[in-house]
Amino acid sequence: MRILAVCGMGLGSSLMLRMGVEKVLKAEGIEGTVEVSDVSSAKGEKADIIVAAPEIAEQLEGHSARVIAIKNMADKNEIKEKIMDYIS
Amino acid sequence: MLLDLLPEERIATKVKAENWREVGRKVGEILLRDNLVEDRYIDAMIKSLEDNGPYIVMAKGVAIFHARPEDGVKKTGMSLITLDAPVEFGHESNDPVKVAFAFGSINNEQHVEAMSQLMTVLMEDESIDKIYAKDTSSEVFDYISQIISNN
Numbered sequence: 001m002r003i004l005a006v007c008g009m010g011l012g013s014s015l016m017l018r019m020g021v022e023k024v025l026k027a028e029g030i031e032g033t034v035e036v037s038d039v040s041s042a043k044g045e046k047a048d049i050i051v052a053a054p055e056i057a058e059q060l061e062g063h064s065a066r067v068i069a070i071k072n073m074a075d076k077n078e079i080k081e082k083i084m085d086y087i088s
Numbered sequence: 001m002l003l004d005l006l007p008e009e010r011i012a013t014k015v016k017a018e019n020w021r022e023v024g025r026k027v028g029e030i031l032l033r034d035n036l037v038e039d040r041y042i043d044a045m046i047k048s049l050e051d052n053g054p055y056i057v058m059a060k061g062v063a064i065f066h067a068r069p070e071d072g073v074k075k076t077g078m079s080l081i082t083l084d085a086p087v088e089f090g091h092e093s094n095d096p097v098k099v100a101f102a103f104g105s106i107n108n109e110q111h112v113e114a115m116s117q118l119m120t121v122l123m124e125d126e127s128i129d130k131i132y133a134k135d136t137s138s139e140v141f142d143y144i145s146q147i148i149s150n151n
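In order, the protein sequences belong to chains X and Y. With the first letter of the first sequence counted as 1, position 82 gets the number 82 in full-length UniProt numbering; the numbers rise by one all the way through. With the first letter of the second sequence counted as 1, position 139 gets the number 139 in full-length UniProt numbering; the numbers rise by one all the way through.
Simulated from the structure, these hints should not be mistaken for lab results. Every residue gets a Cβ at the ideal spot worked out from N, C-alpha and C, and that includes glycine. Keep in mind that a hint or two might mislead.
[Stated by the list, open to error] Pair by pair, the computed Cβ-Cβ distance ranges are:
#1 44(X) x 125(Y): 36 to 42 Å
#2 148(Y) x 27(X): 41 to 47 Å
#3 1(X) x 93(Y): 22 to 28 Å
#4 1(X) x 18(Y): 43 to 49 Å
#5 33(Y) x 29(X): 42 to 48 Å
#6 61(X) x 51(Y): 15 to 21 Å
Produce the complete structure using the sequences and hints provided.
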């Protein structure tokens, strides 16, 4: 599974989101890679899931990946529930 | 590592700010004072929020200001302020902001480990409320050190 963590510039919140998602994948024993990208590059990239803040997720509507908006990046439960929802 | 980028001197507590722009300016001025960024970097951090919305309020009560390396970063570093009174950023679920960080990075790789540690701090239960409740920068620094060494 390829997950893309996206933010406006690809070096701040996307990086933090990547850390949060990696922690959840590890805790749940899910195989997957998480990469970061800025919002304009992300439009041309392939992925299974894109995670981003709601404002950024809106800009990626229509992407072939499932776009998941994460409101609170420090909330492990929110990240877990939304990713598990895609997998199941 | 986080604490190398965020020494005690770059932490300030009970900072007064009227609105989100002032929060950005005050947390950015610490980076400017330590000659880590140019003045235009602070403007770029604020503009990023104007352009993209308040997504930098990435967890409850926390804003993380930043812009791009080419917006005037001289040296990688981070600053942290706790606010005298919480400030609304216009975020639908994470307002109001109690704690704000600013960081500048000279490239996209250098701060990866520090951001990972910062995420560990933010994911610790109630860490933001605990940081907000501290009176001095040394108490904030010690608390962050403690979380990092426990993880």
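Between residue 1(X) and residue 18(Y), is the Cβ distance one that fits in 43 to 49 Å?
holds, 45 Å
Range hint compliance [Cβ, residue 44(X) to residue 125(Y), 36 to 42 Å]
Holds: the Cβ-Cβ distance is about 39 Å, inside 36 to 42 Å.
Range hint 41 to 47 Å: satisfied by the CB atoms of residue 148(Y) and residue 27(X)?
violated, 19 Å
That 42 to 48 Å hint for residue 33(Y) and residue 29(X) (C-beta), does it hold up?
holds, 46 Å
Determine whether the Cβ-Cβ distance between residue 61(X) and residue 51(Y) falls within the hinted range of 15 to 21 Å.
holds, 18 Å
Can you tell me whether the CB distance of residue 1(X) to residue 93(Y) sits inside 22 to 28 Å?
holds, 27 Å
Consistency note: the structure conflicts with earlier hint 2 alone.
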